[in-house]
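A.B. asks: Below are the chains, spelled out letter by letter.
There are 2 protein chains.
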Amino acid sequence: MFSQTVEYALRAMVVLANAPDSPQTAQSISDIAKLPPDYLFKVMQPLVKAGLVVAQRGKRGGFMLGRNSGEVTIFDVVNAVDPIHRIHTCPLKLRTHGIRLCPLHRKLDSALAMVEDALKSSTLAEVIESGDPVRSLCESVVKLHAKVH
Amino acid sequence: MFSQTVEYALRAMVVLANAPDSPQTAQSISDIAKLPPDYLFKVMQPLVKAGLVVAQRGKRGGFMLGRNSGEVTIFDVVNAVDPIHRIHTCPLKLRTHGIRLCPLHRKLDSALAMVEDALKSSTLAEVIESGDPVRSLCESVVKLHAKVH
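Going down the list, the protein sequences come from chains A and B. Take 1 as the starting number for the first sequence in the working numbering and just add one per residue. Take 1 as the starting number for the second sequence in the working numbering and just add one per residue.
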């Protein structure tokens with residue numbers, strides 16, 4: 001239901017959110033997010049276009065978040081790369097339905113609305129600063145308790 | 001987010017649910033559901049395979065629901081043609097994540113779970129017998145109130 005493009009875009013955005021002060025190269029994003037290099041520009045282009053990412057040129061250039069990570073929701077990212085198409089009018093174009101959806105399409109649209117709301121309720125900052133020991137994109141630190149004899 | 005195949009499959013199922021006692025021909029489903037004929041068999045095949053539809057051969061043959069419309073949820077139909085892929089394990093295959101999802105993937109999976117629950121909560125019978133004046137797949141009856149002089 002979430003496309004591969006959405007998955008990759010969110011991973012790339014988490015990489016950038018984790019490095020707010022240092023531009024990340026395409027290579028770096030690709031490595032950390034396990035994102036195929038060929039796919040990277042396809043993913044970054046709509047994020048830049050939406051203003052969620054800025055591309056800095058030059059020797060120390062790279063990609064950075066265009067806004068504070070606390071101001072970018074998961075929905076913003078999804079919407080930039082593969083928008084959720086709500087059902088606003090009858091998909092069959094029935095003349096008498098118009099914007100009055102039938103029970104089938106109302107049900108589908110309400111499911112889409114729930115997804116939108118859920119994705120709008122989390123920012124990138126919340127995702128990376130959750131305090132959860134399982135951190136996004138990173139191997140967890142496995143604590144080894146050495147036995148003391 | 002819902003594919004065209006899902007949309008077409010649901011429309012076809014509503015056609016069959018509206019005619020529980022008479023097999024519907026491919027032509028009839030295609031006409032009522034405004035479904036491209038070339039697409040019809042692609043849509044019907046997985047529905048038959050899932051047991052949601054039965055295909056009857058012969059002169060009076062056609063497609064019928066495989067179960068009572070009150071026993072088929074919208075989720076059953078979606079799942080037969082274009083399943084919702086829940087996130088059960090770390091998509092990055094991080095060794096230390098495994099089935100313990102990070103906050104990002106937990107958020108995405110919980111949105112998918114909500115969609116599943118929403119679609120499981122409605123049957124085809126509910127969709128076609130809702131009492132709503134805007135009926136699925138049909139033009140609404142426009143009541144004309146003639147002025148009585």
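Don't read these hints as lab results, they were simulated from the structure. Quick caveat, the model's predicted, so the values are computed rather than measured. Backbone N, C-alpha and C define an ideal beta-carbon position, used for all residues, glycine too. Just so you know, not all the hints are guaranteed correct.
Here are the simulated lysine-lysine pairs, DSS-like style, with alpha carbons at most 25 Å apart [what the hints assert, rightly or not]:
1) 49(B) <-> 120(A)
2) 93(A) <-> 59(B)
3) 42(B) <-> 120(B)
4) 42(A) <-> 59(A)
5) 59(B) <-> 34(B)
6) 34(B) <-> 49(B)
7) 34(A) <-> 93(B)
8) 49(B) <-> 59(B)
9) 93(A) <-> 49(B)
10) 49(A) <-> 34(A)
11) 49(B) <-> 93(B)
12) 59(A) <-> 49(A)
13) 42(A) <-> 93(B)
14) 42(A) <-> 93(A)
15) 59(A) <-> 93(A)
Okay, the calculated bits of chain B under chain A, using three or more residues with CB under 8 Å as the criterion [said to hold, decoys possible]:
16) 25-32
17) 39-49
18) 57-67
19) 124-136
A.B. asks: Evaluate each hint against the coordinates.
C.D. replies: Hints, verified against the model:
1. Restraint check for residue 49(B) and residue 120(A): the C-alpha separation of about 37 Å exceeds 25 Å, so the hint is violated.
2. Taken as a hint, the residue 93(A) and residue 59(B) pair is broken in the structure, with Cα atoms around 33 Å apart against an allowance of 25 Å.
3. Between the alpha carbons of residue 42(B) and residue 120(B) the distance comes to roughly 23 Å, so the proposed pair stays at or under 25 Å and holds.
4. Restraint check: the Cα-Cα separation between residue 42(A) and residue 59(A) comes to about 23 Å, which is no more than 25 Å; the hinted pair holds.
5. For the given pair, residue 59(B) sits about 24 Å from residue 34(B) by alpha-carbon distance, which is consistent with the 25 Å threshold.
6. Proximity of residue 34(B) to residue 49(B) is assessed by CA-CA distance (about 23 Å); at most 25 Å being required, the pair is judged to hold.
7. Restraint check for residue 34(A) and residue 93(B): satisfied, since their Cα atoms lie roughly 10 Å apart, inside the 25 Å limit.
8. A threshold of 25 Å between alpha carbons decides the hint, and for residue 49(B) with residue 59(B) the separation of about 22 Å falls inside it, so the pair holds.
9. Taking the CA atoms of residue 93(A) and residue 49(B), the gap is near 30 Å; set against the 25 Å cutoff, the hint is violated.
10. Of the supplied pair hints, the one linking residue 49(A) and residue 34(A) holds, its CA atoms being roughly 23 Å apart against a limit of 25 Å.
11. Between residue 49(B) and residue 93(B) the CA atoms are separated by roughly 32 Å; this puts the pair beyond 25 Å, and the hint is violated.
12. Of the supplied pair hints, the one linking residue 59(A) and residue 49(A) holds, its CA atoms being roughly 22 Å apart against a limit of 25 Å.
13. Of the pairs offered as hints, the one joining residue 42(A) and residue 93(B) holds, with about 23 Å between alpha carbons and a cut-off of 25 Å not exceeded.
14. Pair hint residue 42(A) plus residue 93(A) does not hold up; C-alpha atoms about 33 Å apart against a cutoff of 25 Å.
15. Under the criterion of a C-alpha separation no larger than 25 Å, the hint pairing residue 59(A) with residue 93(A) is inconsistent with the structure, at around 54 Å.
16. Proximity of the stretch 25-32 of chain B to chain A, defined as three or more residues with a beta carbon under 8 Å from a beta carbon of that chain, is not established by the 0 residues found.
17. Counting residues of the stretch 39-49 of chain B whose CB falls under 8 Å from any CB of chain A gives 0; the rule of at least 3 is not met.
18. Counting residues of the stretch 57-67 of chain B whose CB falls under 8 Å from any CB of chain A gives 0; the rule of at least 3 is not met.
19. With a threshold of 8 Å between beta carbons, the proposed coverage of the stretch 124-136 of chain B by chain A holds, since 8 of its residues qualify and at least three are required.
Comparing the model with each earlier hint shows violations of hints 1, 2, 9, 11, 14, 15, 16, 17 and 18; every other hint is respected.
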